[in-house]
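Just need the whole structure built from these sequences, with the hints factored in.
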Amino acid sequence: MATLDEEIREGVDRETVETVRAMGGAYKYGWDTDIEMEYAPKGVNPDIVRLISSKNDEPEWMTEWRLSAFERWQQMEEPDWAMVNYPEIDFQNQYYYARPKSMETKPKSLDEVDPKLLATYEKLGIPLKEQMILAGIEGAEDAPAEGRKVAVDAVFDSVSVGTTFQAELKKAGVIFCSISEAIKEHPELVKKYLGSVVPASDNFYATLNSAVFSDGSFVYVPPGVRCPMELSTYFRINAENTGQFERTLIIADKGSYVSYLEGCTAPQRDTAQLHAAVVEIIIEEDAEVKYSTVQNWFPGDENGKGGIYNFVTKRADCRGDRAKVMWTQVETGSAVTWKYPSCILRGNESQGEFYSIAIANNMQQADTGTKMIHLGKDTKSRIVSKGISAGKAQNTYRGQVTMHPKAKNGRNYTQCDSLLIGDQCGAHTVPYIEVRNNSARVEHEATTSKVDDDQLFYCRQRGMDEEEAVALVVNGFCKEVLQALPMEFAMEAQQLVAISLEGSVG
Amino acid sequence: MGIARAQLKQLKQDALAQRQPVLSMPEGGEWISAARKDAAARLDGMGLPTRRDEYWKYTRPDALTSAEPVAASMDGAAHSPVFDGIEQLKIVFVDGVFNADASDDLALEGVEISRLADAAAADIHWAKDIYGVLETRGQTPVERPLATLNTAYANDGLVIRATGTAAKPIHVMYERTSETSDVILHHVVKVEEGASVTLLETGAAGARGNTVTEVSVADKAAFHHVRSQGRDHNRQLLTHMFAQLGEESTFKSFTLTPQGVMTRNECILELTGDDAIAHVAGALMADGKDVHQDDTIFITHDAVNCESRQVFKKVLSNGATGVFQGKILVKQGAQKTDGYQISQSLLLDEDSQFLAKPELEIYADDVACSHGSTSGAIDDDALYYLRARGVPKRKAQDLLVLAFLAEAVDEIEAEDLREAILTRIRIWLDLEDDL
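Residue numbers (my numbering), protein chains in the order written: chain X, 1 to 506; chain C, 1 to 435.
Just to be clear, a hint being listed does not mean it is correct.
Computed cross-link-like contacts, DSS-like style, restricted to lysine-lysine with a CA-CA straight-line distance of at most 30 Å [stated by the list, open to error]: (1) Lys393/C x Lys408/X; (2) Lys57/C x Lys380/X; (3) Lys380/X x Lys254/X; (4) Lys408/X x Lys395/C; (5) Lys220/C x Lys289/C.
Have a look at the derived ranges for each label pair, beta carbon to beta carbon [stated by the list, open to error]: (6) Arg51/C x Lys101/X: 30 to 40 Å; (7) Glu112/C x Tyr458/X: 54 to 64 Å; (8) Gln415/X x Gly390/C: 38 to 48 Å; (9) Gln415/X x Asp101/C: 49 to 59 Å; (10) Asp454/X x Ser33/C: 36 to 46 Å; (11) Tyr458/X x Val142/C: 37 to 47 Å; (12) Asp454/X x Asp118/C: 36 to 46 Å; (13) Val142/C x Gln92/X: 25 to 35 Å; (14) Tyr384/C x Gly224/X: 36 to 46 Å; (15) Thr271/X x Val142/C: 32 to 42 Å.
Think of the hints as simulated: they come from the structure by calculation, not from any bench.
Idealized CB from N, CA, C, for every residue including glycine.
Next comes the structure, spelled out in structure tokens:
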């Protein structure tokens, strides 16, 4: 990179070079925020669970719910079936709760939020304050609805820092707040839905999350409402040796629609950090939810030092007829990814879609995919998964498609493609296909190949260097998934694809 | 919900504890005693599979691990004439016991054939390098304890060494006269450099059968295998085929499973020589609520420029269950691998089911690997087309079933064997008179 200036050739746009340089090298979000933090003691036990619950001012039923999850968790074993290897995690050598001191009394509005925190999000490209002000200026109802407005819930370590556009959303009847707030303000909704899609006993990490989740986002879209803007949560891990356990609950009532975005980053640290989240989505009759993630946790360095262990349970339950859900994920970060956003297609004619790009470079390991459980009649699902492996990374697609006996005329189409860059990495496909009725039709295709030499040659002939050429070919490979992303995300994802693969060629 | 690992281990030991007491290790010469004792020790460490095993997710091993076999009525156990028109060397086992009278002389140009029971009596034998050796190699990364049990306790089988081109196929016919025969047979096949041999098998080894075949295919050698498993409804059958392939060698295996409450066919291939070719195919005709069939394939590419191909077709009716677990593992350095796998099922009614786990595990970048799996009912358009041309509904359906299965049968290289299998399918579908 140092000699880049000298290497700029004639005809090459200076700006392009600057952009590439800006994006260049290592992880872009690896800095940390120097802020005074308050920690719960290290480790996890019933007292810590109670402490987290009391920090959030929770009612008794919530504390009990957590404690019974914790009890259950102690009986469970860490799953070992995924194709990932990592040193044993010492669950007692972590902080389960970390919050900026300045958040001790919850700010009533973003004006009261510690400027350091706001600056953190601004640096991450999420100017919370600015958005608020903008909202104030153009808050008038006649503002064009298709604008770039995105409401953000910003989560910093264990707490939600603030949520933008709440007032405007309220006008539409949409509730968008942190889950800790929802437990206090809307206990009837939380009680009804929390754990109804991912039960507290679901799996090792989800059960741990149920016991110790500290914050996260809550969305309720009332019947017939099309959410006036995209909602988003931005997760930032900052503190060292701290696990982040967030819980997201999204409820789309009858005939409603919401598009939800999730982003995440963490500082560059030598020790691995744990992230175990649970996302539950309930979709009632005729409602639709789009959930898009760009996962860019710190992936560890090229020798596999540090990085986030990302163990996530995400599940959507299409409860009503004609309910629709679409998961789109771009997984570029994390040292270890263990994540299977799933769809339960309970309602007749309900639909589930899963679009995924998983990129693993250097020492990264990703084991990710989806489950499509067809229970209702005439249910449809579609899976498009693109896995890219480079460096010494291992990338696994693991999925399940089940057609229950009652899922008459169920349809599934699955396409899993893997691309290998270099001869030190691995790409794996582990699908489970269970067809229990004959009117269901299931098609599964998977391919594994390397970057096509002819395509590379073509690009290089047109003056691209090898890395650019690979990035272009890979973007083409991912096209179907990138197209499913909301626009701003698609741009970011395209750049991420290029960045994540940097250094993998040659 | 998963099961605690310690608990699973205990269940496996419990399963072994119930099976082992009724087994006894046969006497034998030094080489085989060592192999059997080694297997017994390995088995002690593994235990036997239980229904909670991931590798037995879709097939309950209970019938294969119980102390005594479930009695199997003799219905349909009659000798299958599938290869009757083929020139062959016939070797007959009745309830697992070699029948010299019914068998041809064990003499064939280009091949040395003997019984395992005879080879085992010697203190030293060439089979030492294969017996239990390929089976052991096949235990990683997935354990197959029932094959290890076979190595420890099998008292007979065939030991075949092809040194040239075998003059005709060797046909192993399994017959049974007992409803409770519990048979363990172990075959060893060595195909020397440049040699070739064809092995045919018909029937089920016993009321309950556990067979292991270990095949070493040397450079430029060829091994062909075609079998039609017992049509007797109640027999329980487990087969393992372990093969290792040398440079430019060929391995082709085809299995027709016509019926049976329990069939599991495992095929574990290792391509260790460059430019080797391995094809495994299977056709299933399963009819009946209690019919359960499972093909479990594991192909390891550990050499350059090899080709592997898996083609499995399953027709399931009246509540039958078809299982396919197929894996292609391409090791680091196994560049230019061409791996292909297709598993398809045709579900003829609402109650039948198809359960599949087609896997790829790839550590080399310059490869072309793909797998496909489909499941569905008979194509209405195709059915309509035939019916519009005056073909009665039942026959139209049978013709479509035949066409579907034929895609797997086509994988058989020898035309006469291919035709023999197709003819048998036609007869079983009641189509033969019209064709």
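field: CB-CB spacing for Lys101/X and Arg51/C relative to the 30 to 40 Å hint
entry: Between Arg51/C and Lys101/X, where Cβ atoms are some 54 Å apart, the hint is violated.
Outcome of range test on Cβ distance (Asp454/X, Asp118/C; 36 to 46 Å): Cβ of Asp454/X to Cβ of Asp118/C: about 59 Å, so the range 36 to 46 Å is violated.
- request: Given the hint that Lys220/C pairs with Lys289/C, test it: the Cα-Cα distance must not exceed 30 Å.
  value: violated (45 Å)
query: How does the Cβ-Cβ distance of Gln415/X and Asp101/C compare with 49 to 59 Å: does it lie in that range?
result: holds (58 Å)
message: Run the distance test for Lys380/X versus Lys254/X: straight-line Cα separation, threshold 30 Å.
response: holds (19 Å)
- prompt: Between Gln415/X and Gly390/C, does the C-beta distance stay in 38 to 48 Å?
  reply: Because 40 Å falls inside the window, the suggested range holds.
task: Decide if the proposed pair is consistent with the structure: Lys393/C and Lys408/X, CA atoms, cutoff 30 Å inclusive.
output: Answer holds: Lys393/C to Lys408/X is near 23 Å, not above 30 Å.
- request: Using the beta carbons of Thr271/X and Val142/C, state whether their distance is inside 32 to 42 Å or not.
  value: holds (34 Å)
message: Taking the Cβ atom of Val142/C and the Cβ atom of Gln92/X, is their distance within the range 25 to 35 Å?
response: holds (34 Å)
- request: Using the Cβ atoms, figure out if Tyr384/C sits within 36 to 46 Å of Gly224/X.
  value: With a Cβ separation near 43 Å, Tyr384/C and Gly224/X satisfy 36 to 46 Å, so the hint holds.
- request: Take a look at whether the Cβ-Cβ distance between Asp454/X and Ser33/C falls inside 36 to 46 Å.
  value: violated (59 Å)
message: Against the 30 Å threshold, does the CA-CA distance of Lys408/X and Lys395/C hold or violate the hint?
response: holds (26 Å)
Checked against the numbered hints given earlier, the structure breaks hints 5, 6, 10, 12 and satisfies all the rest.
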